[in-house]
Amino acid sequence: DQQVKQNSPSLSVQEGRISILNCDYTNSMFDYFLWYKKYPAEGPTFLISISSIKDKNEDGRFTVFLNKSAKHLSLHIVPSQPGDSAVYFCAVTNTGNQFYFGTGTSLTVIP
Amino acid sequence: DTEVTQTPKHLVMGMTNKKSLKCEQHMGHRAMYWYKQKAKKPPELMFVYSYEKLSINESVPSRFSPECPNSSLLNLHLHALQPEDSALYLCASSQVTTKLKTQYFGPGTRLLVL
Numbered sequence: 022d023q024q025v026k027q028n029s030p031s032l033s034v035q036e037g038r039i040s041i042l043n044c045d046y047t048n049s050m051f052d053y054f055l056w057y058k059k060y061p062a063e064g065p066t067f068l069i070s071i072s073s074i075k076d077k078n079e080d081g082r083f084t085v086f087l088n089k090s091a092k093h094l095s096l097h098i099v100p101s102q103p104g105d106s107a108v109y110f111c112a113v114t115n116t117g118n119q120f121y122f123g124t125g126t127s128l129t130v131i132p
Numbered sequence: 745d746t747e748v749t750q751t752p753k754h755l756v757m758g759m760t761n762k763k764s765l766k767c768e769q770h771m772g773h774r775a776m777y778w779y780k781q782k783a784k785k786p787p788e789l790m791f792v793y794s795y796e797k798l799s800i801n802e803s804v805p806s807r808f809s810p811e812c813p814n815s816s817l818l819n820l821h822l823h824a825l826q827p828e829d830s831a832l833y834l835c836a837s838s839q840v841t842t843k844l845k846t847q848y849f850g851p852g853t854r855l856l857v858l
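Just so you know, the protein sequences line up as chains A and V, in that order. In case it helps, this note's numbering puts the first sequence at residues 22 to 132. In case it helps, this note's numbering puts the second sequence at residues 745 to 858.
So that you can see chain V by itself, here it is in the shape it has in the complex (with noise of 0.2 Å):
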């Protein structure tokens, strides 16, 4: 089994609004990741969890905070968005301690911020 499940697959709010983007796996993958996606561009990596810790921020705004609550989940809270936070935001997981690792993707959650 290689799925990454990602809720909601749709997310509309308002730039007050506060929300949370949900990811899971269960392939016993320690190394966890948050990517931004907009139409036409390659995947901008936002955070990485590994062993359930921040071990890489990309310089993303505080408006996003993620968590990691435990190895299999992965959350993305949300708050006072901008319009341009508008994009598809994907999930991902790997493993960590093997040096040929690959990442797997969820179908990610389509964001729109009005």
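Next comes chain A alone, as it looks inside the complex (with noise of 0.2 Å):
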């Protein structure tokens, strides 16, 4: 059972506009959901993050979104460079030691 979704496994952009990639989550119970960034035969670095009492958290040209109602997560990207080309992952977690990733989102970002 995915706990967590992103529906969209690519996603092309040109250099210097904002990428968007969206995640959704099944469990209300989930209160802390990251971004992770990995490009091939490396492992995931973080980006970003942001816990449910918030809706919005911003580190320079990354924005993560939370609406919890909704269930949906989204990091926007702006501006868009070449170097951001990279598998992004959403993952999700609550108390305990578990974290959930999603499918990933394959961006490109075309110079």
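Since the hints were derived computationally from the structure, they do not count as laboratory data. A virtual CB, placed ideally from N, CA and C, is assigned to each residue, including glycine. Each hint should be verified, as a subset may be incorrect.
Said to hold, decoys possible - BS3-like cross-link-like pairs, simulated, lysine-lysine; straight-line CA separation at most 30 Å:
1. A:26 to V:763
2. V:784 to A:92
3. A:77 to A:58
4. V:784 to A:89
5. V:762 to A:26
6. A:26 to A:89
7. V:780 to A:58
8. V:766 to V:784
9. V:766 to A:92
10. V:797 to V:763
11. V:784 to V:845
12. V:763 to V:753
As the list claims (entries may be wrong) - From the structure, some residues in chain V lie toward chain A, with a derived Cβ separation under 8 Å:
13. 775
14. 798
15. 800
16. 846
17. 847
18. 850
Dock chain to chain to rebuild the complex, using the hints, since each chain is given by itself in its own frame.
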């Protein structure tokens, strides 16, 4: 049973434009949400996170939005750069030690 | 410092070999994880250690044997693996006691079973 879904397996964006990656989760008990970036054959790198008490968190070019009622989070990257091309995973967790990962979205930023 | 290190970076082994993967972190994290990741798939949880004790085993075959000798180290012992076990093996760590905890990953060990 997939607890976390990323419905877009791939996304292409022109350099300088905004990239929007989406993630949906099923369980309202999740209270902490993370985005990871992954290059091939490397471990995921933590990007940004948000707790359930907030609806927005910003760090430089990266902003994560959380809509608890819709059980939806999104990652905005603006402006997008070619170095942002990677696979992006969202992850969710709660007070336990289990993290649930989405299926990933492959972002390509076209120069 | 948010570094998790893993050795070796690459490993090729036969189906009768015994090998070990190693993971180390010095962030004071008391939860450590092993994941398996196949191409174009999300990381798949294998084991979780909390305070050096195995807390989650996701029905992993016994040919994978985890070990947590101390709070900084995590090993994964491999024996009699199958070719389908070829994958990227990721180690991660996080805090245990705080509610909002971030999981940090190592670079992974790329395993090929022949």
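Consistency of the hints with the structure:
no.	hint	verdict
1	A:26 to V:763	violated (35 Å)
2	V:784 to A:92	holds (24 Å)
3	A:77 to A:58	holds (19 Å)
4	V:784 to A:89	holds (28 Å)
5	V:762 to A:26	violated (37 Å)
6	A:26 to A:89	holds (15 Å)
7	V:780 to A:58	holds (17 Å)
8	V:766 to V:784	holds (24 Å)
9	V:766 to A:92	violated (37 Å)
10	V:797 to V:763	holds (22 Å)
11	V:784 to V:845	holds (26 Å)
12	V:763 to V:753	holds (13 Å)
13	775	holds (5 Å)
14	798	violated (11 Å)
15	800	holds (7 Å)
16	846	holds (6 Å)
17	847	holds (5 Å)
18	850	holds (5 Å)
Of the numbered hints given earlier, the model fails hints 1, 5, 9 and 14; all others are met.
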